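There are 2 protein chains.
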Amino acid sequence: MTTQQLIQQIRTKKSFLCIGLDVDLNKIPKHLLDAEDPIFEFNKAIIDATHDLCVSYKPNTAFYEAYGLKGWQSLQKTIAYINEKHPEIFTIADAKRGDIGNTSTMYAKAFLEDLDFDSVTVAPYMGKDSVEPFLAFENKHAIMLALTSNEGAFDFQTKTTDGKELYKTVIETSKTWKNSENLMYVVGATKAEYFAEIRKIAPDNFLLVPGVGAQGGSLAEVCRYGMNANVGLLVNSSRAVIYASGGLDFAEKAKIEALKLQQEMEEIMNK
Amino acid sequence: MTTQQLIQQIRTKKSFLCIGLDVDLNKIPKHLLDAEDPIFEFNKAIIDATHDLCVSYKPNTAFYEAYGLKGWQSLQKTIAYINEKHPEIFTIADAKRGDIGNTSTMYAKAFLEDLDFDSVTVAPYMGKDSVEPFLAFENKHAIMLALTSNEGAFDFQTKTTDGKELYKTVIETSKTWKNSENLMYVVGATKAEYFAEIRKIAPDNFLLVPGVGAQGGSLAEVCRYGMNANVGLLVNSSRAVIYASGGLDFAEKAKIEALKLQQEMEEIMNK
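First to last, the sequence lines map onto chains A and B.
Residues in the first sequence are numbered from 123 upward in steps of one, following my numbering.
Residues in the second sequence are numbered from 123 upward in steps of one, following my numbering.
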């Protein structure tokens, strides 16, 4: 998917919501556990209920790897279902991969070619040749960790390097890499005041924003500092949407939570 | 496996060789491609031929994920085979994972519990709560990226942060984390002079050293600066061993290459 197509989708749906499909068998409704593939059944119901309210789905691969082969099968079925039924949706493999060049190429092919995600999240620590392989695919995107939403973000990301915080060095340096127009960045919602700083360095790039809802970030604050003329944000919510109810009405309740977020987003976009 | 058991194995075998099982179907002998599971057949033959010359096997997960479900099955069969036939071997899932705390816990369970690897490689960028979940398993280890062997290592890892290079800050900080005695570090062989610096900060930790052979590092130089009283090194070779021959004699040739490295290591250990 091109960035323009993503922007168009955001304008049409009046939403920049990304729903995180972080499926934990201990948290999904009990009645699904008898299904042949409970994870896929859960995702399918969530997707059917919410696809017109969000512009992106983001399965975190950890939740699928945790179930071994069955988990990978659920991931394959989930991405295939989205690509077939809702090809307008921007899909993110939240995998946080990164390795030496030829190995990153293997990861990139796995997620962007074989599974056919639109994008994959990547870790910056190993530098240029660990990320560039993810940028080599036409109309695909790499979403690089910049400033994450967890406590540990302050261990290294905000340390001063060459006179500025490491996350700024990471973003600035990455802009010199080949096909860097295919880069987006992960910026946690828990630190809204940082968005103004990041927009000085990366005015045009899309930012994937976790940490709204369960992790405590405020949507209004994030938009105030982070939004650009093309919106430029994908705000993720996982648990608050997909686990809105643990009963038979889980998809319906997920839709209600997604609608609340979409309406809040529409209001902000109309301003 | 405890660190003491690893040290004992190194002393018994007079080897600190780790063999990287980075299996690419384009590189393995053609006659294996007719097998039901060519990757596993290749690994099994390499393991049968080399297990008394090395102390560790390290499959890089990228090479398995690249083949989707079949690849994961090959990975499962490979680790199960090593654990059953050669339980003395220290196994490393080279996965370079790391995410927010509850998500890292999913990865840790997947690799250290379900697949039952002795260790998994992790990325430091997201800090403490992204790594500690990997340290919470008794007699299991996390091997954190410190100074990698690729060109991109110089993009961020060697940048000055708080008066010292980032990789030093990463190692020092990680030593304050819970169960940090279960930490090892990845340090590339291509920069032997850095080992002296790292040994000042981490005199006792094991270092996993890629980059000998195909990536150009020298074993003698690495040992000169990096070895401690318990050896404290796991030196990895992947391509130079496993692709020593592309013919019917691939396992035999792999054994010859592994033997050369083991003999070089024995000589250094005897000094």
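Do not rely on the hints blindly, as some may be mistaken.
Put simply, identical chains are the same to the list, so a pair is met inside one copy or across any two.
[Stated by the list, open to error] Straight-line C-alpha distance at most 30 angstroms; calculated DSS-like pairs for lysine-lysine:
no., residue 1, residue 2
1, LYS286, LYS149
2, LYS199, LYS250
3, LYS207, LYS322
4, LYS300, LYS207
5, LYS149, LYS300
6, LYS281, LYS297
7, LYS152, LYS136
8, LYS192, LYS322
9, LYS250, LYS149
10, LYS297, LYS192
11, LYS300, LYS281
12, LYS393, LYS250
13, LYS207, LYS286
14, LYS152, LYS231
15, LYS281, LYS199
16, LYS393, LYS152
Source of the hints: derived by calculation from the structure; they are not laboratory data.
Computed from a predicted model, the values in this text were never measured in an experiment.
- Message: Within a copy, between copies, both or neither: which one fits LYS393 and LYS152 at a CA-CA cutoff of 30 angstroms?
- Response: Intra 42 angstroms, inter 63 angstroms, cutoff 30 angstroms: neither.
- Message: My question is about LYS281 and LYS297: at a cut-off of 30 angstroms on alpha-carbon distance, are they close within one copy, between copies, both, or neither?
- Response: Both: 20 angstroms inside a copy, 17 angstroms across copies.
- Message: Please sort LYS286 with LYS149 into within, between, both or neither, judging by C-alpha distance up to 30 angstroms.
- Response: So LYS286 and LYS149 fail the 30 angstroms test inside a copy (41 angstroms) and across (44 angstroms) alike.
- Should LYS297 paired with LYS192 be assigned to within, between, both, or neither, using CA atoms and 30 angstroms as the limit? neither (38 angstroms within a copy, 36 angstroms between copies)
- Task: Could you figure out if LYS393 and LYS250 sit no more than 30 angstroms apart (CA to CA) within one copy, between two copies, both or neither?
- Result: Neither way: LYS393 and LYS250 sit 39 angstroms apart in one copy and 39 angstroms across, limit 30 angstroms.
- Message: Regarding LYS199 and LYS250, is the shortest C-alpha distance of 30 angstroms or less found within a copy, between copies, in both, or in neither?
- Response: neither (32 angstroms within a copy, 33 angstroms between copies)
- Have a look at LYS300 and LYS281 and pick one of within, between, both or neither, based on CA distance no larger than 30 angstroms. both (26 angstroms within a copy, 21 angstroms between copies)
- Query: Is it within, between, both, or neither for LYS152 and LYS136, if the alpha carbons may be no more than 30 angstroms apart?
  - Reply: Answer is neither: 34 angstroms inside a copy and 54 angstroms across each miss the 30 angstroms cutoff.
- At 30 angstroms max between alpha carbons, let me know whether LYS207 reaches LYS322 within a copy, between copies, both or neither. For LYS207 and LYS322, neither the intra-copy (38 angstroms) nor the inter-copy (57 angstroms) Cα distance is at most 30 angstroms.
- Is the C-alpha distance from LYS250 to LYS149 at most 30 angstroms within one copy, between copies, in both cases, or in neither? Cα proximity of LYS250 and LYS149: across copies only (26 angstroms, versus 38 angstroms in one copy).
- Is the C-alpha distance from LYS152 to LYS231 at most 30 angstroms within one copy, between copies, in both cases, or in neither? between (36 angstroms within a copy, 22 angstroms between copies)
- Message: When Cα atoms must be at most 30 angstroms apart, do LYS300 and LYS207 count as within-copy, between-copy, both, or neither?
- Response: neither (33 angstroms within a copy, 46 angstroms between copies)
This entry does not satisfy hints 1, 2, 3, 4, 7, 8, 10, 12, 13, 15, 16, going by the numbered hints stated previously.
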